[in-house]
Structures are given as structure tokens and as C-alpha cells.
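Participant: Residues per chain are reported as follows:
There are 4 protein chains.
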Amino acid sequence: MMVRAAVLKAVGRLTVEDFPRPMVGSKALLMRVELCGICGTDIHLYHGRLRVPLPIIPGHEFVGRIEEIDDEARSLEVLGHELSEGDLITVVPGTNAFCGTCYYCRFIPQRPNLCQNRRVLGVNMSCQHPPHLYGGWSEYVYVDAGHWWVYKVPEGMPPEVAALTEPMAVSTRALERAFKPGLPTSGEGFSLGSTVVVQGVGPIGLLCVAAARLMGAGTIIAIDALDHRLRMAERMGADHTIDLKAYRTPEERVAEVERLTGGVGADVVIECAGVPSALPEGIMMTRRGGRFIEIGHFTDPGPIEVRPHIICWKDIDILGCWAYPPAQFRRALKALEMGLEAGLPLRELITDRFPVEKAPEALRYAEQRKGLKIAITP
Amino acid sequence: MMVRAAVLKAVGRLTVEDFPRPMVGSKALLMRVELCGICGTDIHLYHGRLRVPLPIIPGHEFVGRIEEIDDEARSLEVLGHELSEGDLITVVPGTNAFCGTCYYCRFIPQRPNLCQNRRVLGVNMSCQHPPHLYGGWSEYVYVDAGHWWVYKVPEGMPPEVAALTEPMAVSTRALERAFKPGLPTSGEGFSLGSTVVVQGVGPIGLLCVAAARLMGAGTIIAIDALDHRLRMAERMGADHTIDLKAYRTPEERVAEVERLTGGVGADVVIECAGVPSALPEGIMMTRRGGRFIEIGHFTDPGPIEVRPHIICWKDIDILGCWAYPPAQFRRALKALEMGLEAGLPLRELITDRFPVEKAPEALRYAEQRKGLKIAITP
Amino acid sequence: MMVRAAVLKAVGRLTVEDFPRPMVGSKALLMRVELCGICGTDIHLYHGRLRVPLPIIPGHEFVGRIEEIDDEARSLEVLGHELSEGDLITVVPGTNAFCGTCYYCRFIPQRPNLCQNRRVLGVNMSCQHPPHLYGGWSEYVYVDAGHWWVYKVPEGMPPEVAALTEPMAVSTRALERAFKPGLPTSGEGFSLGSTVVVQGVGPIGLLCVAAARLMGAGTIIAIDALDHRLRMAERMGADHTIDLKAYRTPEERVAEVERLTGGVGADVVIECAGVPSALPEGIMMTRRGGRFIEIGHFTDPGPIEVRPHIICWKDIDILGCWAYPPAQFRRALKALEMGLEAGLPLRELITDRFPVEKAPEALRYAEQRKGLKIAITP
Amino acid sequence: MMVRAAVLKAVGRLTVEDFPRPMVGSKALLMRVELCGICGTDIHLYHGRLRVPLPIIPGHEFVGRIEEIDDEARSLEVLGHELSEGDLITVVPGTNAFCGTCYYCRFIPQRPNLCQNRRVLGVNMSCQHPPHLYGGWSEYVYVDAGHWWVYKVPEGMPPEVAALTEPMAVSTRALERAFKPGLPTSGEGFSLGSTVVVQGVGPIGLLCVAAARLMGAGTIIAIDALDHRLRMAERMGADHTIDLKAYRTPEERVAEVERLTGGVGADVVIECAGVPSALPEGIMMTRRGGRFIEIGHFTDPGPIEVRPHIICWKDIDILGCWAYPPAQFRRALKALEMGLEAGLPLRELITDRFPVEKAPEALRYAEQRKGLKIAITP
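Chains as they are written, first to last, in the working numbering: chain Z, 2 to 379; chain G, 2 to 379; chain X, 2 to 379; chain D, 2 to 379.
You may find that some hints are simply not true.
Remember, identical chains collapse to one label, so a pair may be satisfied in a single copy or spanning two.
[To be verified] Restricting the straight-line Cα-Cα distance to at most 25 Å, the calculated cross-link-like pairs of lysine to aspartate or glutamate (DMTMM-like) are:
no., residue 1, residue 2
1, Lys153, Glu259
2, Lys153, Glu342
3, Lys153, Asp88
4, Lys153, Glu78
Honestly, the hints are just simulated from the structure, not real lab data.
Given the sequences, and given the hints that come with them, work out the whole structure.
Facilitator: Written out as C-alpha cells, the structure reads:
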């Protein structure tokens, strides 16, 4: 039997190929993909903005059902569930976290996201050799359960919501970076009643809005240029939106944030736009003593001018946020469950589906930012 | 014109008296009380368990309308609103926070709740001399707006909810003590998806349940012996209840918390029972590395046995929580607004109202714990 | 009797004038200046880079003896000492901290340094009207002890060390910003054994080196272009120096920091150079997950290019640090005492003294960066 | 060739036995012990106060030289050093940290000390089967370098200081628990200039004094009943001592701490006495808003009465402290280096040495608390 998968052969060259279905080895499983989201990272990979060993099968936001599983792997689910054929699962793509021997694994155990030997399914694992199936834009993904973090999807959660686990892990960690210790916490960083600005409400930004809402933000302000995104942001919990078509300059947008926050600025600003100029603009939107979270630049579109004096004068925290620890999936799944219960329109985040064969079209479509989250589905 | 007020003349002697209506001095205002809650502290005061200079007019959880206000006080509202006659307001009872000269005001500005010169309306301010009206079980309260923290109640919030601002300040601070810094925060202390146990769901415990719900707790477990409290806890957001009538021993209750938390214990336990034995029991319910918050012992019912080894072995944080900074009222009002919006039954927390003349009966009724929050209303 | 003082009449115009000696009012004192340091801020004021209402008497780093004191002020020393004529004192120049009514004083009590109504002796208090003497480049300073923070200098501390209290407050707060919570703290932020880079070892940088040494830094690396500063940095506790004359490019300096830190980068980098390009360079020197403290830009010399991707990828904290709370003087005095005991050459930091009449020459000399700390002394 | 080791055969029965010298397997090494300290835990093990599978070879604080090493293990030193025969090393006794599969390893990566599958050399690893040598009271220890944390001792550090690495790891983590986040940190928890009380200055307490000194404590107060300990505490950096023979009641000792802290109480109190009554006494010594660290109860000598009201009223943090993460050894070695450089009498902490044959006598001697740290040396 053969398995169809999209393969990034070289920068700018995405093809569809057939691979032999692998034997399931010790402590491993084979997952039949239900859905795999397309992420900005995939677009960057296509354009060669991240150095990885090609060819790869892209796709790291996948959910699927266990097709075959080694007996020894049945007990390896992260939360202690027993695994069986047919179970809907999601898998942390960052594998072998922790390597256990790099500087970060040894000395900074709080930050497994910084492991220097991090290998990520769908990103930097070559598909050249068997078992090949190391990415989600495929009919099947091969998961070595001995080392990888497999989570069973909670009862009743539909696959199109479970497929958001990975981006929700990114978004919830961004929010958690915004927590500011300090007792009493009144008015410091993010907590109950805080004002949060989300710059850019693509999927990551929308999930930041949702997470902020679930965590008790008082006022959420979403900024974007696209109407369908702004509308969805409102449904996810944004109290106000700032439309870049109406507020055309950074000065106007900063003034609007000030107006909406009683002249003070936002407690927390989360940069999800991925545009360098969002950094200085977001710093201006942050109130003195507030927090700015930089989550939108997983690749490098270049530099931007920043005034060191403003950082100093504002006494602010500018916090980079890179990926997430594997335990974040637990938090993300819980957030998705809570979001469903609270009536957030999480089911509607995946707006378009393409079969594996149409992966190149799907990528182009995603680049045009017409829908929200685009998914590959066998 | 005379003003009727309940007066604690001596330990165990609560009477009703008439005072002359005071002239409103510079930067002051006279508030007509709408509602004033009865708090456990009032009961302790009545029984002489707190040393304060009697006589006092009890009552520190009050909400009311401005009857008369000095022109200079009109601009002194904390959030910048203009004050006028008829405005519904709530006032931080801890006055003169900060004194600005004690050790804590000088060196620990983060903890204005520890001010050594804290004087509290309705608690330790004698009513012997004019303007007399320094407590809420009265038709009027005299507020020196120059030093006190006056908040205008948000548009549309009914008085019976605004009257919960003070206990909600206590409860939200307890939750904030449970935030645990640490990056990534996954699994540490309280955050999105955490498991929270609330021991004792009287009014403070119920508001802890509500606040935990609003802040994104994953699982909330409420413990009490009274059915009407447990039912209300469920409506406030508790996922599970433990009835002391069914789980009769600490061992059974600890086992039930373990069962509900996958054998691990709770991330956060908040002690709102005010019973010494809740301390060691709550410590047993806290998972290793978790947080236990002690908010229930504003007076001293005596000691209890604790094993230092368990504290050491569990690597836990046991955090005392005393009152709140005056800025907490802002957070509390926001939490109440969010709770109303989320459909929490906050309007039903005040179950019984007594006129000022019946303050002694109200106190006895409150002691019997028949209702939830009991209020005095002129 | 007349009092001689240097007066900044207009941007670029510093004169020497005589003022009438003021009467000492209620809760006030008159201090005879012993020494007043020249700070970078003074140079910026001279060149009009900070908008303040002129004329002013510059000088905010002063130490002196009580010449005359109102009886009611004798008990107002911050630490509880009784004040008498002849006592050596130092005074927090940021007066009326806290105003008690601005957003920060009300809602962010942890950050009195952000008070929106902060008035600073020697910076933004006009000397036009009596009592005129609101700055340290003068024979006398007038201190309203009712509102200001007066500290008695510890027994045995010489005035030339006590004059460093204000810059040491700046430097210790920078170090404290570098503490990173997280349990266990091993390897996170600054703590015992951490690696600290100080960019620019003028007086603030040198005191950062000293504070880092006293707090248990493991490896301290000082960067500067001036030999006498680098030599002093070594005597203050730097383990390594990077001379900009030898390491001429940012790349070379970053490589040297990496070499000295086993290829990882520094746990903490403190920017004390005040040169915009130090920001991106310092970010490159910070290890992933580390902390960069921006303390060197109290004025605005313009923008610099920064890569948002690096902030994101490094998962770092970039923390602005503006001034300090008034309680910081207590910490600073303690640090100076400990530094003296540890044999740090704090007495030698003031390298040159000029009388008030020569204030213009002193300013020019300071600008040439020939000495270390330059002081005005009557 | 045979290896002589002390064996705890059963509770209360310590013998000396000969084992065959093991072959060195893959990624393993054989260490010739230079010194192994006796810890309170060893005494508890002897008396059966900890449930472990006997027989064991006690001893977890060991330092020694590599006798034989597998080639594959040469590159496995934690800090990246190459390992060779003759190298002086110290080893984290808590092996297989992290297991990677328990609740704590998965979800609380910051707390590897809470790993539920923690196996500790010299504590709970049976010596019944080959390679037998799983404890430090022996001529040799067998170290499986593939899983264990091996640190090369820094150049020039004598074995009698390197043997303190394990207790120094305990002590430095206690101090780190005392760091309190909060910006600005002035006056919160432990930082530069803080007041620290150490209850009980046996070896752990003495190393807490040393660590507090190195980290910039302002005032250190040591409490004990034994003169030679109090004298050593002074030499390690204590500013004041409280002799239990002179201050006979808790009230007298609390009053003395208050006197030494200006009536406020200590910022941080570290309980190293291991006596239950030290818990309530230490809580009384802690200032409001301060931190109490419970590090002294690794076994359970029973309960003690505590007043929940005091915890509540003081708004304090009571923090349990269990063991340390394996990365703490790096911090501990650095602290020992810094202590040597600062002239602390670390070489004198080991006061008595006994050969392996005399392990039973050594244990009895240690129980009498005549010396400070007692060591076994082949």
C-alpha cells in the first residue's frame, strides 16, 4: 500500500509523491491524518526563509486517528490514557524534547522550547529515508511514541478544533509570558480585567484573543486590515477592533488604543502581525510598566527602527516568545475545551480544506489570506 | 435631622442609636447607604475577638448614593469620574491607605495592605465624636474624600452586586496570590486550566469560585457542609462539590480531591473555611509544588497541628493573604461586571436584608449561616 | 546672607548666581552641600535634550550636612533616626513620590518611579521663586522634609561615597530588574553565579559591576573604550574586560562574549553605554532565555535597527529600567556599606571636584569623559 | 580485587562488607572515593525513618577520582569537559533525573526535584545485585555516566570542599526559594541587603549562611545551641548569633530577632534545625510579607501547632524546599569557588574523618553533633 504526501523537494518546489506504508516499529504508531493546518511557517519554508534539510513533508499542526500501534506504545499517552486503534490524537511536533544533553535541557529545564537539538515533524525532519512520513500534509504520519508526545483528543472535541492544538499552544504561551509576577498583582501585566491589544488577528492572533477572553481579560482590542478577520476577532471575544483601513498611520492607531484605555495604554500588547513595524508601534501602545509580547516573528523579514529611550522611559518588558514546551499541549487542549463550552466559534476557524494533492494550491490560497486557517485533509 | 445607626457599644452589646447628621466638610461627602453586607469580621467584632476602640458603627461592605458632596471632592473619584449627588458609589473601607510613613508604606509599596496605621471604616474607627458616621450599618456614612478611595459603581450594576465589591476584593486577591511566576508557566500555580479547590463556600469562598471561573480555572472543587452553599457554588462555576456530610473525614475528602485530579492533588487550594483544621487538610489536598492560600483566618480561633515534613516534602507554597490594596476595588468591580456578563448569579448572593433597627437580629441570623450574604439596609 | 548656586538659565547657558538664604519653614530643613555629582542627565539638560521649566539649579546627586532644621522635621528621617544639625544626609531627589493620585500611584503601587507628577530636585523644579534652592550645584539645598525622603548617611561612610547613593540606586534597580522568578531559579536570569555583561562602564556601569559583584555574580564582563574605566571596572569586580579599541566591531565583541561564556551568551546584559547601537549588540550578547536591561537611555539620541525575529527566537526579556522607587536609596546605602567592607574602591569613583563657581568648566570636563565621576563642591 | 563498603543491612544494623570490583560497562565509570560526607538523612536511614529497600551502601555526598571509564562516557561530563582517569569528580546522587514520564517530568519541567521515580545513590538503590557499588561509604562508587550527572571539580578546589557540593546544592536552592519576584524588588523577599535568619547552623545551615553572604545579604542572624557551630557561623558570614543557651524561650529569641531588625522581623527565615517547633518560632521571626523557607525536615519527626491566623495576618510565604534539580550542582560548585575566593572557611567544615571500616562509629559520632561535617574516607 502506498501513502500519498506533499513533499517540499526544494525551495519553491512542492510536489505530491507516494511513499510505501511503513511497518510500525517498537513503541511507535501510524496515524491516519484527519486534518493538518497550514501555518505561516510552512509558507516561509516554501520560500526558503528557514534553513532545513530538504526534502520534507510539511505540516506540523495535525490531528488524526491511530491506524496501527505497537503494543508497547499503548501506555505511552501523555495524560495516562490507554491508546487504541481509532483513537483521535494530536502530537507535539517538536520531537525528542528534551534531548537532555544540551545547555538548555541541562541547565534551564523550565525552557524545553529552547532545546538546541529540537527536531520538528513537518519542519526539519527529512523524508528521504524510511519511514519517510515525518510531516502532516500526508495521508499518514509515523509517530515514534517512545520519544514523542502523543495526546488523546478529549471526548467530543471535533477534529477541526483539535487541529488547533498546536497554534493554541503558541497563543497560550504568549499569554502566559504576559503574566507578571508581583504581589499584589493589581495592575501589573496580565490578569483579571487587564487590557490586551492583539496586533494582527490571523489564526494565532485570533487564538490569542480567545485565550485572553478565557483568562479574564477586561478589554481586548484587535488590530488588522482584513474585515473577515476583525469580525471573527469580535466573535472570539474582542471588545474593540482597529481597522487598518480606517486608522491608516501608527500614530492614529496608537491614539485609538490610548482613547480606549483611558489615556494610559494597554497592559499587554501581543505582536502577531509578523510585520517588523508592528514592534515599535506595539511598544508605543503598551502602557508604562506594561508588557509587549513578540510572538509574530518566527522568521526574519528584516530589521526595524526602535528607540532605546522609549524602552528605558516606559520601564516596560519586551518579551520574546519562541514556540512552547511540550506540556503546553495539555494547556492548549484544555483551552479549546473551555472555548467550546463558552461558545467561542472555534469550529469555524478552519475555513477551507484542500486534499493532499492540492497542497500547492492550498499554499497559494493561504498566502493570499482569503480564509482564516486553511487545512490539508486526505 | 438625625441619622439612625447600629452601634457596638461594648463586646456583645449592639444597640441602635441616633446621631446628628454631620455637616459635610472640605473634600468630604455624605453617602446614603443602600446596602451594607455583614461579614464574618463583624461577628468576630461583636464577640470581642478583635481589639478595637469601642463604640463603633459596624459595617465595611457598603454601597450607597451621594447625598451631599463638597465641591472640592467632586473630582476625587479614583477612576477619574466626576462625582455628583445621586451617584452610586462604593468606598474602600481601609482609610488613609497609605499612611506613607510606616515601614510597609515606605519600603514595601507593593503591599499597602500591610500599612501599620491602617484605619478601617466599620472596624476600628470610633463613632464617639463627630462626624460619628464611620461605619455602614447606618442610614448614612461620612466619607472624607480627600483621603479615602471612592469608586463610582459602573453604569447598570445593581446595588446588591456593587455591595459585593469588598468581599470580591478579598477573593480576587486570594486568586492573585495563587498566580505563580515561572516561564513557561505550564502547570505551575494558577493559570488557564488549573485545578482549584475552595474550602468553605460562604460568600468569600463563593466569590473565589466565581473569580477562578472568570480567570480560566479548568476544574473547580467546592467543599462545604451546607447544601444551599454547595448548590450556589455549582451555579458560580464549581465543577465538583465535596459535601462534608458525605465525606466525613479529612482522609475521605483528600482522597476525593485526588480522585478528581488524576491522583495528583490540586494546583491551588484556597482556605475560606476559617476552621483551623482546614489548614493541614488543605495542605494534603495541594499537589507537590502547588499553592495553598490562607485567606480564611482574619481572626484567631487557635492553633492546629501541622507536619513540617509535609511542607518540606511537598515543596509547596503556603501563602497568607491579608486584606487587599485599595486598587483591588478596581479589579473587584471589573470582576463583578464580567461575572454579570457571564451570567453568574451574583444578584442572588445577598439572600436576606434587615433594616438598621434589626441589626442585632441580622447578626444572629448571619451567625446561624442560614442564608448566604446578609445585608443591612436602611 | 547669600547662597551661591549654578543656574541653568536657558539651554546652553549656565551661570553662577547668588540667592537669599531662605527661612526654614514647617517640616523643612536647609542642607549645606558637601558634594554633588554630575550626571549624564545634567549634560542632557544643558543641551536641551529634556524639556524642563528653566531656570533650574542642576544637581540631583547630593550629600550634605543639616544646617538648620524645623523641630517638626527632626523625626521625619526615613529609617527612623532622629535628625540634628550637622548630620550628614542624602535625599531622594524625586520629590512628592508618591503623588497618590495619578494612575501609577493609584493602581501600580509597585512602581512609584512611574508617578506622573514626579518632580525632581535638580531636574525639573524651577528656581525662580523662593526658596529657590531646589538643586545640588549650590552651597545649600532646601528640603521640605514633610514630603521628601531624607536618609541619614550611615556612621563612618565618607561623603564621597554617600554622594554615590543616587547612581547606586539606579544601578541596583537595574540589577534587580535582572532577577528572574522561576523555581528553581537555576540558570534563569540573575542569581548566584550568573554571567553579567555591562556595556559601558562610566559611573552607572561601574556601580552595576560593583552591585553584581556584591550580589554573587559568577562572571562579570565590562565593555568600554576608555582604559581608565576598564581598569576601574576590574577593581570593582569585573572578571573580564572587552576594550572597544581591540574589539572594533559588534561581531568581534559578541564573539568574545560567547567565548567567555562557553558559547552560550550572557545570562544578563546591562546597557549603560547610552549609545543606541548598544541595544542590538547587547541583544546579540544575551543568551537565549536571558535578560537584557536597558538603563542607559534616559534621554533620546535617536533610533536604531533591531530584528524582531531575534527577540522572538531568543525568547528573551528586554526590560526598560526607569529611575527607581524612593525606597531604593535604602538598598543603595546598604550596597555602598557592603562595598566598602568588601574593599571595593568606591572612594575613588569621584576623581575630580570643582567649586560651584566653576560649574561650567566642570560640565565641559565631564563631557570629555576624562575622569570618572565629577563632583561640584562648595 | 575486592571493594570495601559500609552496608546498611537492616534498620539499625550497619556492617562493613567486601564486594567484587565491577567491570565498567557501556557509558559508565568507576570512581575511587576520596571523601563522602555523613548527612542527617543517613542517620534517619539508619533508624528506619525513611522507607527504602535495604540493603544499601549509604552515602550521597561523595567526591572522588575516576579510576576507570568507558570511552563513550568520556564526553558525558555535564559542563562539556573531557573526562579522564584521575579526574576529580562529583556526581548528583539523584539519578535518572528526569524520568521523563511522571507527572512532574512531563508537566512541571521546572521541578525535576519532584520526579516521582527519583532514585538516589546512597539512599534508595539496593546494593544486593551487581554492580553493587551504589553508595558513597565505600572505596568505589559505580556511576552509569549515560544517565547520571557527573561534574568535574574545578581546578584547584580541594576534595574536602568539593565534598560539600551536595549540601551546598540544598542550601543554595533554599536561598533561591527566598527570592521574591516583584518589581521593583526593594524590600521584597531576599535580595541585596536583606535580613536573613538561619535557624540551626549544622552543615546545611552553615552553607546557607555562606550562600546568603555571597548573595549580598545585609544582615545574617544564626541561631543554635552549640558554641562551635555559632563560632563557625560567624566565620561563614553571620553578623549576629542567638545562642539557645542564653535565649531560652521562643519569645526571647523572637524578641531578639525583632531587636536586631528594627522591630520589623526578618525578610527571610530559613529553617535548618529539623525540629518541629522551629516552624512556628520561625514564622514569628518572619516580618509581615516576608518568606519562611522549610528545608530542615527531610524526615518526619512529627507535627507541631501552628496558628493559621498568623499566616493570614502576616501575609507571608511559607515555602517548602525539597532537594534540588540536578543543575543545582553547577550553582553549588560555583558558590564553593566564590566562597573560597572570598576567604570563607569552607575547608574547615569537615572536622572529622573516619575510614570505611569505622562507619558505625562515624555515624554515632555524627549523631552526637560534636564536630561539624563528618566524612567517610577510604
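Participant: So, for every hint listed, does it hold in this structure?
Facilitator: Going down the list of hints, with the structure as the test:
no.	hint	verdict
1	Lys153 - Glu259	between (44 Å within a copy, 22 Å between copies)
2	Lys153 - Glu342	within (19 Å within a copy, 33 Å between copies)
3	Lys153 - Asp88	within (7 Å within a copy, 48 Å between copies)
4	Lys153 - Glu78	within (7 Å within a copy, 37 Å between copies)
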